[in-house]
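*Asks:* This is what each chain is made of:
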Amino acid sequence: MKVLVAVKRVLDYNVKVRVKPDNSGVDLANVKMAMNPFCEIAVEEAVRLKEKGIATEIVVATIGPKVTQEQLRTALALGADRAIQIETDEEVQSLEAAKLLKALVDKEQPGLVILGKQSIDSDNNQTGQMLAQLTGMGQGTFASELVIEGDNAQVTREIDGGLVTVSLKLPAVVTTDLRLNEPRYASLPNIMKAKKKPLETMTPADLGVEVAPRLTTLKVEAPKPRQAGIKVEDVAQLVDKLKNEAKVI
Amino acid sequence: MAKPSTSYFNETHDQARASARRFVEREILPFIDDWEEAGEFPRELYQKAGAAGLLGIGYPEALGGSGEGDLFLKIAVSEELMAASSGGLVAGLGSLDIGLPPVIQWGKPALKEAIVPSVLSGEKIAALAISEPGGGSDVANLKTRAVRDGDFYRVSGSKTYITSGQRADYYTVAVRTGDKGHGGVSMLLIPRDTPGFTRGRNLKKTGWWASDTAELFFEDAKVPVSNLIGQENGGFMVIMTNFLRERLMLCVMAYSTAQLALDMALAYAKERQAFGRSLSGFQVTRHKLVDMATQVELAREYSYRCAALMQAGKNPVKEVAMAKNFTAQVAEDVTREAVQIFGGMGYMREARVERLARDARLLAIGGGTTEIMKELISKQMGL
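From first to last, the protein sequence lines are chains A and B.
Quick note on the working numbering: the first sequence kicks off at 1 and runs consecutively.
Quick note on the working numbering: the second sequence kicks off at 1 and runs consecutively.
It is worth saying that the hints were derived from the structure and are not from the lab.
One should not assume that every hint holds.
Said to hold, decoys possible - Taking lysine-lysine and the DSS-like style, the derived pairs with C-alpha atoms no more than 27 Å apart in a straight line are:
1) Lys197/A to Lys48/B
2) Lys52/A to Lys197/A
3) Lys270/B to Lys224/A
4) Lys48/B to Lys193/A
What the hints assert, rightly or not - To give an idea of the interface, some chain A residues facing chain B are shown, with a C-beta separation under 10 Å as derived from the structure:
5) Glu70
6) Ala194
7) Pro198
Positions of the beta carbon are idealized from the N, C-alpha and C atoms, including for glycine.
Taking the hints into account, I'd like the entire structure generated from these sequences.
*Replies:* The structure is reproduced here in structure tokens:
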């Protein structure tokens, strides 16, 4: 079975995010970038499927400017077999990303598509769901466990109340949650080997997709700094504050 | 004309950094304080590092390495490993980097194939043994004797301050096979299980706690002649060649130690309140931090310059000796000032700057003392 994994280049999770002074977005100048952590989990899951003999080929894809090839190389070093870069300098939003991936699905005919449930930059949590809709495939989002049996995928999903398990007919779209696996680190020899793995480049136009954004960002603001906590004298004061200040009881 | 490069590092180096960083975050940082107190780290860490390919950097692919000849790959990964905030761990895990190169460069093919792959995979540990109880820097006068007896050398004498000395499997040992002076020194690969070869207790040190350090004893230990590394009586050149790389790596340890201490001091100075404002609100602290940052920057950039010379195939003995002295001094000065900024907290074992300050002291001693470096430099200056 061929597995398609989509990955996204985002701000490294260790970086302290700074909003641009004009509130037009997040400052990305000279900031360390990395693969979105949920996407790393997606790659890891595909590699594990290959190690189990279920996946036969892992194709990893990304959308973005030329530098996003770095993340594809990382995915190749982790165990993907080949990479596709859809190169564009435009800002690509969830629906356009889903349309591009749909075009790739048509082209590659994967048995399974794995994506991160969301990217840690925009936190939209949309692309996987949109892709399922556009392709007519079933979807198992927020996966904490994935079991493939024949042409069926059992996906255990993390929801507010606990866990729910769905059974999907393949091909299907699965999006990963944090607890699905712990991604490995690429070994040095594999980083070297990844340089020789095939990386194909195409443009949105090649896939017949228009990527111009449909949504406009009006303003980006940093969250308000948290207020320092206080120590209450006794239970009565605590209850009073919860009731009258926090208004939670 | 080619554009001057503003960085010595490329995308592969960045990927290697990312892997090494994750290795440190996952496999080392949660445990390092305990390992430091215990005086050693688990042997499995060698295997884990080997599996991640971190031990094989710069060594031939045929022997299990990767990125042969890429000195900046080695530097990138070493900088990341130093983020473990333990010079001892890096020295112990990296003892192969001083033990193996002579074997790879001058060992016989059968010897190389027998030992190198198992060390690069982390199954076995390699160490280098030069210093003796009677003298360290005075390599030309070492006393451990190896007498030829048919197909064997019979080795007698002792070595000390040997990193990974407790638990190494292979020791690259400097011995005297000939007359007095540097012309009578040879290198022998001596396996751990050689009859007549024993090791003393784990030596207690000022810093570098997580590395095991030992004294070695040879009493008529029989070592096959095929374990000779390089020519008989040609060991001095082997040792000196090896020193250049070792010293460069000590420079990397030095400026990385200083950088780490600076980062910690910076964060602390912004956070710690005194007299109604943060420490960084005082000009005296700000200027101190600026001086520290300047020193670290210069130490690192000059070390990179030395590495670039080595990468270009030059033999910058003088430059590396200068870099070693300079960076070691920077490491001592910057860690001292970092402890000073931390105040009482900086004197506590739970503060990592305390450890960095202890670890920094070694850098002016190991791999040739500051004084020996100065003698080397003065010779190169024609004095």
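*Asks:* Now tell me, hint by hint, if it's right for this structure.
*Replies:* Taking the hints in turn, this is what the structure says about them:
no.: 1; hint: Lys197/A to Lys48/B; in the structure: holds (25 Å)
no.: 2; hint: Lys52/A to Lys197/A; in the structure: holds (21 Å)
no.: 3; hint: Lys270/B to Lys224/A; in the structure: holds (20 Å)
no.: 4; hint: Lys48/B to Lys193/A; in the structure: holds (20 Å)
no.: 5; hint: Glu70; in the structure: holds (6 Å)
no.: 6; hint: Ala194; in the structure: holds (8 Å)
no.: 7; hint: Pro198; in the structure: violated (17 Å)
Hint 7 alone, counting from the list given before, is not met by this structure.
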